[in-house]
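Q: Sequence:
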Amino acid sequence: MASRRKTKKSKRHYHIILILVLIILGIFFLYREIGKQEYKPRKVSRQTQPEEIKKIPKIALIIDDLGHNKKAALKILEIKAPLTLSILPHEPYSSWIASEGHQEGHDLIGHIPMEAKEPHKLGKGGLYLWMTDNEIRENLRESLLSIPHIKGVSNHMGSAFTEDKRALSVVISALKERNLFFLDSLTSPHSAGLKIAKEHGIKALKRDVFLDDENTPDYMETQWDKAVKIAKGRGYAIVLAHPKEDTIKFLQKHLPDNEVKIVPLSELYASQ
-3 MASRRKTKKS
7 KRHYHIILIL
17 VLIILGIFFL
27 YREIGKQEYK
37 PRKVSRQTQP
47 EEIKKIPKIA
57 LIIDDLGHNK
67 KAALKILEIK
77 APLTLSILPH
87 EPYSSWIASE
97 GHQEGHDLIG
107 HIPMEAKEPH
117 KLGKGGLYLW
127 MTDNEIRENL
137 RESLLSIPHI
147 KGVSNHMGSA
157 FTEDKRALSV
167 VISALKERNL
177 FFLDSLTSPH
187 SAGLKIAKEH
197 GIKALKRDVF
207 LDDENTPDYM
217 ETQWDKAVKI
227 AKGRGYAIVL
237 AHPKEDTIKF
247 LQKHLPDNEV
257 KIVPLSELYA
267 SQ
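In terms of our numbering, the sequence shown opens at residue -3 and continues consecutively.
Be aware that one or more of the hints could be misleading.
[Said to hold, decoys possible] Listed next, with one range per pair, are the computed distances between beta-carbon atoms:
#1 173 x 225: 20 to 30 Å
#2 161 x 101: 31 to 41 Å
#3 186 x 268: 20 to 30 Å
#4 229 x 120: 38 to 48 Å
#5 116 x 186: 42 to 52 Å
#6 195 x 240: 28 to 38 Å
#7 129 x 67: 15 to 25 Å
#8 267 x 77: 28 to 38 Å
#9 218 x 169: 36 to 46 Å
#10 169 x 144: 17 to 27 Å
#11 191 x 267: 31 to 41 Å
Calculated directly from the structure, the hints in this document are not laboratory data.
Note that CB positions come from ideal geometry on N, CA and C, so glycine has one too.
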């Protein structure tokens, strides 16, 4: 009898040990399979990295003073790049250029004449410091109506106007009501444009480089190199140019260059 009991006990121990071994093996294989599912190595090819990783420097190129010359505007519209068209109000071709530019997919902004320190005739729609708040608002309202499809506003001249907090605040407040951004052409180093825009909570940027203040290829080369350097350092640069014959030739030569990417101005505001 004692011998039979010992045999039964040893069988029981054997079964228990066998069950424990099977459980341990089961747990081992289960974790192994889970590990396979969680870790899936991927081959990364340098040639197929997404473009955003490459950090291509961006330049927003704004063509100012459009509106009074249809022939010049047509030459600008022939340039195959996402230029930003900056259109003067109340000019003979303001509305036409805006419509054509919009149809071609260009960004459009209103280029609003503002008082300079040196006396200049601003023409219809010009904003002066002697104007009351209501006069500034009404003049600006009529100017904006003369340029359809715009996304923002920049100042034409305005070295005196953009330094005046009272006058510029009226403009910025009106832009906020219309959900338009502000581009400071920076015709004065003491412009209050960005500060006042920030106070009113609207998006604003400033010009980095004037491309063609001097109408020579050498000068434009120097200014373009300056813009590229800024874009490489900061990620973007804002360049102002004009629809002049030599400027158009320069742009046709340089814009195919892949060193920088020409982008609509609104793309820079969207990233703010």
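Q: Now tell me if each hint is right for this structure.
A: Cross-check of the supplied hints:
A hinted range of 20 to 30 Å is violated for the C-beta pair residue 173 and residue 225, which are about 38 Å apart. At about 37 Å, the beta-carbon gap between residue 161 and residue 101 stays in the expected band of 31 to 41 Å. In this structure the hint that residue 186 and residue 268 lie 20 to 30 Å apart at CB holds, the actual value being about 23 Å. As the Cβ distance of residue 229 to residue 120 is approximately 41 Å, the hint placing it in 38 to 48 Å holds.
A hinted range of 42 to 52 Å for the beta carbons of residue 116 and residue 186 is inconsistent with their spacing of about 18 Å. At roughly 36 Å, the beta-carbon separation of residue 195 and residue 240 lies within the given 28 to 38 Å, and the hint holds. Distance hint check: the CB atoms of residue 129 and residue 67 are about 39 Å apart, inconsistent with the given range 15 to 25 Å. For residue 267 and residue 77, the Cβ-Cβ distance of about 19 Å falls outside the hinted range of 28 to 38 Å, so the restraint is violated.
Checked against the hint of 36 to 46 Å, the pair residue 218 and residue 169 passes, with Cβ atoms roughly 38 Å apart. Range check, residue 169 to residue 144: Cβ separation about 22 Å, and the 17 to 27 Å hint holds. At about 21 Å, the CB distance of residue 191 to residue 267 disagrees with the hint of 31 to 41 Å.
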